[in-house]
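For the sequence shown, position 115 (counting from the first letter as 1) is numbered 115 according to the working numbering, and the numbering increases by one without interruption.
None of these hints come from the bench; they were simulated from the model. Please read these numbers as outputs of a predicted model, since none were measured by experiment. Note that the Cβ used here is the ideal one computed from N, Cα and C, for glycine as well. A portion of the hints provided could be inaccurate.
[As the list claims (entries may be wrong)] Listed next, the in silico EDC-like pairs over lysine to aspartate or glutamate satisfying Cα-Cα at most 20 Å (straight line): (1) Lys-78 to Glu-61; (2) Lys-78 to Glu-68; (3) Lys-41 to Glu-61.
[Unchecked claim] Pair by pair, the computed Cβ-Cβ distance ranges are: (4) Ala-37 to His-10: 49 to 59 Å; (5) Glu-11 to Ala-31: 28 to 38 Å; (6) Glu-61 to Val-33: 41 to 51 Å; (7) Ala-31 to Ile-75: 38 to 48 Å.
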Amino acid sequence: MNESGSASEHEEDDQASENDQRNDDVMLAMAVVAVTASRRKRRRALQPMHNSSLTGSQRVEEILNRHEEIIQDLIRMKLDTFRALNGTGPSSGTQQDLSTRGAMNQIRDMMADDMWDRYQASP
Numbered sequence: 001m002n003e004s005g006s007a008s009e010h011e012e013d014d015q016a017s018e019n020d021q022r023n024d025d026v027m028l029a030m031a032v033v034a035v036t037a038s039r040r041k042r043r044r045a046l047q048p049m050h051n052s053s054l055t056g057s058q059r060v061e062e063i064l065n066r067h068e069e070i071i072q073d074l075i076r077m078k079l080d081t082f083r084a085l086n087g088t089g090p091s092s093g094t095q096q097d098l099s100t101r102g103a104m105n106q107i108r109d110m111m112a113d114d115m116w117d118r119y120q121a122s123p
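Given only the sequences and the hints, what does the whole structure look like? Please build it.
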């Protein structure tokens, strides 16, 4: 009786183990389906914000040719300030603009540590 009881316990353990494995497989499959569905849903929800056929420089030129208040609202600065920073304004070519451009060219290729050392205040 002990052997037959032991055999039936092993069968029950094996059956329980198989059921656990099936349940794990089902849960894993459901998780994969849920993740895949959420990714597809997110992907479909994304739409381009700008669908202009213009290139970047053409778009900037179009913006810069608008009314000054619209430009200020879009780029958050006055047009003459933008042009001075960009080097395309009426002041471009002046000594100050050239010196600013020269300084920018000097630091363009510097590493962050080099810039930190160079512009650190004296103790």
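*Could you tell me which of the hints above the structure violates, numbers in ascending order?*
Of the numbered hints, 3 and 4 do not hold.
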